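Listed in order, the protein sequences are those of chains A and B.
Using the numbering used here, you'd call the opening residue of the first sequence number 17 and step up by one each time.
Using the numbering used here, you'd call the opening residue of the second sequence number 15 and step up by one each time.
Quick caveat, the hints were computed from the structure, so don't treat them as lab data.
Small disclaimer: the values here were computed from a predicted structure and weren't measured.
We put the CB at the ideal spot given by N, CA and C, even for glycine.
Don't take every hint at face value.
Over the 12 Å line for every Cβ pair with chain B, so calculated as not near, a few chain A residues [said to hold, decoys possible]:
| no. | residue |
| --- | --- |
| 1 | 62 |
| 2 | 162 |
| 3 | 190 |
| 4 | 217 |
Derived DEER-like restraints, expressed as beta-carbon distance ranges [said to hold, decoys possible]:
| no. | chain 1 | residue 1 | chain 2 | residue 2 | range |
| --- | --- | --- | --- | --- | --- |
| 5 | A | 34 | B | 16 | 39 to 45 Å |
| 6 | A | 34 | B | 393 | 27 to 33 Å |
| 7 | A | 141 | B | 355 | 46 to 52 Å |
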Amino acid sequence: MIKLSDIEKVYQTKSIETVALQHVNLEVPKGEFLSIMGPSGCGKSTLLNIMGLLDVPSKGVVEIDGQTILSYKDKELAHIRNQKIGFVFQSYHLVQDLSVLDNVELPLLYRSGISGSERSKRAKIALEKVGLSARTRHYPSQLSGGQRQRVAIARALIGQPEIILADEPTGNLDSVMGEEIMNILLDLNREDGTTIVMVTHDENMALKTERLIRFFDGQQVSDARMYDFQKV
Amino acid sequence: MIRHLFKLIWNRKKSNFLLITEIFFSFMVLFAVLSFVFYNYCNYTKPLGFDHQDVWQLTLRTNSDSTAQNRLIQEQLLQRVKSFDEVEHVSLSNSNVPFAFSMMTNSLSYGSNKEVQANVYDVQDDFKDVMKLQLQQGRWFGPQDDASRHRPIVINLMLKQKLFGEEEAIGKLIPINDSTNYTVIGVMDYYRAYSEFNAEEPAFFSRINLQQNEHALWSSLLIRVKPGTGVAFEEKMVRELSRIAQNWTLEVTTLEKMRKSKARLTLVPMIALGLVCGFLIFNVALGLFGVLWHNINRRHSEIGLRRALGASSAQIYRQFIGEVLVLATFGLLLGVVFAIQLPLLEVMQVESVVYISALFAAVGLIYLLTALCAFYPSRQAAAIQPAVALHEE
Ligand SMILES: Nc1ncnc2c1ncn2[C@@H]1O[C@H](COP(=O)(O)OP(=O)(O)O)[C@@H](O)[C@H]1O
Ligand SMILES: [Mg+2]
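Produce the entire structure from the sequences given, and follow the hints as far as they go.
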């Protein structure tokens, strides 16, 4: 599904050069739920941004669904993001001035040939999936953190993407709400077969996924499958 | 997408309120100034009804009290002017010649149409040829009017409409007092003598009859000279006439000069208003630009989010331009609601077409202005890298 080969990312600011990623080789098969852990600043978000085609690596090759993403135009990248990838962020990134329903509809706005009624119908289904059917007319400021993240997940899944990239989705939530979010993601992975890559700081969350990769200083330091882990 | 933008702007109406009011006021100012300009232009394009080229005004001012003497001199002057080879036609007139700063009005009543105010011009038979007037119906004054029981007048179309509507005008009697009447002998299309920028007003010509008014004096002579006649003749004429009218003040000017100074009276305030308006709009544009710039910089994370969800850079660009146009639409809707009252209520005696064209032009200009202001900030927004935008939380 996703294949990264020898990825390197160097941030060039005025005086300093930050190597955010180095020699990253990673393959995420279809349907896998992968979690990534590592100390702050080790390059996890950078990795996710590269996987999500939001950022380009300084070196290396990204493949999605067998397509090598190389010298793609902005429009084509946007199209792939829209069709295949859903994003969930630590700080939710909801548009404050749009209702819950309108927030969830956003990805479909960038897809041609979907009518307004079709959009809201699908948004309602997505909200049902995350248990927020009763909150469609609310605004983000009227919701709790957990509810906001559920809206963000509904938004990520409305376009039925094959991949969901979640950057510390439970990072701002208490453990009960975090648990809820985690369960929704697990359901998505099990029932719809959505490939999920999740960055987390929470060992307990990571242990619920099939595979855990650890990063340190821009490099991958371990790769463990829970399946193996449990066998041991 | 348009519906989405309307929703977005509507939900942000509180923070957009200032911008919307600003656009509203700019529109109102622009609409007012354009209405004024279009009104003048609209009048300017209409026919004057006469030809003022090669027509001179000779102002006659006597300095003595002897009426009989003065009257004699006036008639001698008239005869002398007529006798010059360079002169084609001459007519006595009051001071309200074309483009003069002088008006004379009279109110006429006919049947149920009471007290219609009209400009009145006292002229001689030759006036038609001096000013090259065109008649639509009936005839101009002639010697046959010497014996007329009533006082003959020629009216313009507008006065005809006001007095008689669709009825035949020729032959109608309009009472002056208990014993005398005007009789309408002719109708002309237009006579717009006050200024090129003024609208047509009701007007009529009354015939000067030297035999019947033995003591009257008129202050002007209108003279049509042969084309190409210049200052040399003007000097010669004044010199010769001064010999006849020794104590009189004689002044010659051309109607073309008078037209120019009259036009200045409209053009100068129009240009001044245009400049003030331009300056105002420029300020509004600067403000608009600043606010848009600020707004877009505040919305980096939203831009990043939209990019992540599948918006291309071009779509972000279009969204921001679109938002500004929607914003303008709100301000303009408000403005149009006010502006449309003028033609609807017929507040002033101005044709609706003036308002309507000013309205459309103002709407167009405001859209153009806002789009121009949005152009650069929107391009900045579109250039923001999606990952960078999300990073800045
Ligand atoms: N846009 C950027 N410009 C410069 N340096 C950056 C940028 N984004 C990230 N970095 C740097 O790259 C490193 C990795 O950042 P990040 O991927 O956000 O780490 P993590 O998500 O693991 O905390 C950090 O040292 C960070 O300061
Ligand atoms: Mg991070």
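Hint-by-hint comparison with the structure:
Non-interface call for residue 62/A relative to chain B: violated, since the shortest CB-CB distance, roughly 8 Å, does not exceed 12 Å. Interface exclusion of residue 162/A from chain B stands, the closest Cβ pair being 19 Å apart, more than 12 Å. Against chain B, the non-interface label of residue 190/A holds: every CB pair exceeds 12 Å, the least being about 20 Å. Residue placement check: residue 217/A keeps its beta carbon more than 12 Å from all beta carbons of chain B (closest about 16 Å).
Between residue 34/A and residue 16/B the Cβ separation comes to about 42 Å, which falls inside the hinted range of 39 to 45 Å. In this structure the supplied range 27 to 33 Å holds for residue 34/A paired with residue 393/B, their Cβ-Cβ distance being about 28 Å. Distance hint for residue 141/A and residue 355/B: a CB-CB separation of about 48 Å, consistent with the stated range 46 to 52 Å.
Consistency note: the structure conflicts with earlier hint 1 alone.
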